[in-house]
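Same order as they appear, the protein sequences are chains A and B.
Quick note on numbering: the first sequence equals residues 1 to 231 in the numbering used here.
Quick note on numbering: the second sequence equals residues 1 to 231 in the numbering used here.
In short, the hints are calculated from the structure, not lab data.
Be aware that a few hints might be false.
Label-pair distances were calculated between CB atoms; the ranges are [unchecked claim]: (1) Gly137/B with Ala165/A: 17 to 23 Å; (2) Asp162/A with Leu133/B: 20 to 26 Å; (3) Asp73/A with Val231/B: 33 to 39 Å; (4) Gly137/A with Gly97/B: 43 to 49 Å; (5) Ala165/B with Ala165/A: 23 to 29 Å; (6) Lys5/B with Asp144/A: 31 to 37 Å; (7) Pro4/B with Ala32/A: 49 to 55 Å; (8) Ala178/B with Thr201/A: 55 to 61 Å; (9) Thr75/B with Asp144/A: 31 to 37 Å; (10) Gly97/B with Gly208/A: 22 to 28 Å; (11) Gly122/A with Gly137/B: 40 to 46 Å; (12) Ile100/B with Arg49/A: 34 to 40 Å; (13) Arg49/A with Asp73/B: 15 to 21 Å.
Being a predicted model, the structure only gives us computed values, none of them experimental.
The beta carbon of each residue, even a glycine, is placed where N, CA and C say it ideally should be.
There are 2 protein chains.
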Amino acid sequence: MSLPKANSKDQAVVALVSGGLDSLVVAAMVKAAGYRLFALTIDYNQRHRVELEAAKTAAKAFGAERHVILPVDLTQFGGSALTDAAIDVPQASDNAGIPITYVPARNTIFLSLALGWAEAVGARDLAIGVNALDYSGYPDCRPDFIQAFEKMAMAATKAGNDGDAFRIHTPLIELSKAGIVQAGLDLGVDFGISWSCYDPTAEGKPCGRCDSCHLRAKGFAEVGVADPALV
Amino acid sequence: MSLPKANSKDQAVVALVSGGLDSLVVAAMVKAAGYRLFALTIDYNQRHRVELEAAKTAAKAFGAERHVILPVDLTQFGGSALTDAAIDVPQASDNAGIPITYVPARNTIFLSLALGWAEAVGARDLAIGVNALDYSGYPDCRPDFIQAFEKMAMAATKAGNDGDAFRIHTPLIELSKAGIVQAGLDLGVDFGISWSCYDPTAEGKPCGRCDSCHLRAKGFAEVGVADPALV
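Chain A with its partners taken away, still in its complex shape (with noise of 0.2 Å):
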């Protein structure tokens, strides 16, 4: 899974980089792949800022030609344990269903954002680390979502108003944690550089208990690498 080669040097991707190890992965394929970089931070006031941080870096280290970060307080809605300070962050856990980490309509306001910004510098590419396999059990990971996306974008846009569509890349959908790590390590990711943890106490070193930690060591492990980040 990858995106399709850019089809002249002025093709733009508006790609969603949060500063997790997934992100950094799609920022990777989009400039692998020959896209301009548009890189898209949404800080909603989540608790685990170092992940700000981290996108920075990032955009920087895979070329953006532009970085936004974009303040959207999403604590005023409250509602999930990584906007809300009366929610704790649960430890890792087998149990099915949605977990209390999902927030609200998360990926479809940040898609939206990226729908803006890309309409508005005449990019039709959008990019997005969601994960269908290895998630966490969020609805707005899957590709029905995505699908259901596209075809409201059309509808509601200038550009797909005169015909011309929004394609939303989602290359790491299919993939294992495993498949996400080696992927990145192919193209020579650093993920020392990333941050995964959504513990909000954690300082410097990732708390290794709640859901995305613990996904993240088993695709390491996988793969048989030591996780830089942790080292």
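Once you have looked at the hints, place chain B on chain A.
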């Protein structure tokens, strides 16, 4: 056209309240139909800042249970006369096509945020004052956009995943501007507090020349009453 009556006194609607004439009528309809009103105003750093003061007054006047004014700086993206100081707000014209006051993906972004808040507080009803008849040619004001968004919201959310649909109420979508003014007057809306003008240089008094002023004047003229905002 209006909203269906609330099923219970606990049923809540997240309504987008910009401070413009249309959004006031929507807020009045939400209250008249017996819903709890959660008013959401997006401060997208629009050049016509006075709109935000009108939104505050309106949310209070209509008894909003909560009013969130959320900064989302769309000037970072540009691409519209409403968000980019380098583009002049045009005078009203009869030109066909989508005007330069179109803000890329604006209603997609606004509804996404409303969706996030709704899901977080357990609401399944959203309301927005889009209008497909007297509208200015914006694609994201049409029924097919709204329907596509509702479908996408089902795929995007935990609630949708559990089989619970979101309804997007668009009570003004088929009304003329005169019909909207009349509906507001029937509900006792004080249009003196609303602001419609797009011109960022208008101070205290609408410019009377932009598309939005033009449509508003036509609406009041057809109803045969004076616009209280001009008195």
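Any of the earlier hints contradicted here, and which numbers? 10, 11
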